[in-house]
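Participant: Chains as they are written, first to last, in numbering that gives the first Met the number 0: chain F, 0 to 86; chain L, 0 to 207.
Be careful, since some hints might not be right.
Said to hold, decoys possible - Only part of the chain L face toward chain F is listed, based on derived beta-carbon distances under 7 angstroms:
| no. | residue |
| --- | --- |
| 1 | PRO23 |
| 2 | LYS52 |
| 3 | ALA110 |
It is worth saying that the hints were derived from the structure and are not from the lab.
From the three backbone atoms N, C-alpha and C, an ideal C-beta is built for every residue, glycine too.
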Amino acid sequence: MDKLMSDLKTQIIAQLNLQDTKPEDIGDDQPLFVEGLGLDSIDALELIVLLQQQYKIKLSNAEDGPKVFKTVRTMAEYITAHQAQNA
Amino acid sequence: MSANIYITASCKISEQVIYKNGQPVFKGGKSDLAEFLLEAYRHFTLDYPKFHKMDNLSKLGWLANETLLRDSFDKEKYKPKDVGIVLSNANASLDTDVKYYETAKSIASPALFVYTLPNIVIGEISIRHHFKGENAFFISEHFDAGFIEQYVSSLINNNTLQCCICGWVDVLAKNYNATLFLIEKDTSANSVNFAKENLTKIHELQNG
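Isolated chain F (complex conformation) (with noise of 0.2 angstroms):
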């Protein structure tokens, strides 16, 4: 899990542009939208396509993403849940 979620933070910021953000300022349990690392709708987007691109997932449920993309941990944990399902 926490090599996952390294390679996440890693992947979120060269998949956001987040140019002025390195790995390790981004807390594995830090909200990822508004008052945490303040990523908006457009993110939300780009890290739908994250995880289709590096993960091969496609998220079935619109609604699931406040929930997934909550925090890194959530993202790796949906992650670890959806490869054990198709293993």
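Fit chain L to the supplied structure of chain F, relying on the hints for placement.
Facilitator: Below, chain L alone, put in the same frame as chain F:
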């Protein structure tokens, strides 16, 4: 010529040089536009993380506007609705349209899609400075100083606007050019009359 309306500041960006009121204020060393714009952003120690997410057209217009307004604009003089933006260019958002089209062959990029309209640069400038006045983006083959003078004068003369940022912001592949003008009713140290001859003269300022 429009009576009692003045060009109180100007900014031009072309060929890796940024001019403020006709004087070079930054000479870049990077020939790639994105790298040059980042170089200038860092040189002026600007702090606006959203800049990094913009396409080249918005970065160019945004940076030109930051240079235009710095030490030249008294925001306290105006209400948000008093300040408008009228821009023009030859290539609309084609530079980003092409890049978006490339991504759409696999997974289309939402971050690129939002920049596939030329007037997004106006939105980026407005968000930065909380401007809420009239705005428009026109496409023409060349900078049409006569049209810009006429259009902006009309907005100011009928009191739709008290102040307007206008000019040209164009990007296509390696070619780019931006000239912005701050148009106000009050004169200032560097002001010249808001006339198409002055717009053209500033726009055609050559590097060096």
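Participant: All hints, please: hold or fail.
Facilitator: Tested hints:
At about 26 angstroms, the closest approach between the beta carbon of L:PRO23 and any beta carbon in chain F exceeds 7 angstroms, and the interface hint on this residue is violated. Interface restraint check for L:LYS52: the shortest CB-CB distance to chain F comes to about 5 angstroms, inside 7 angstroms, so the restraint holds. This hint holds: L:ALA110 has a C-beta 5 angstroms from the nearest C-beta of chain F, less than the 7 angstroms allowed.
In the structure shown, a violation is registered for the earlier hint numbered 1 alone.
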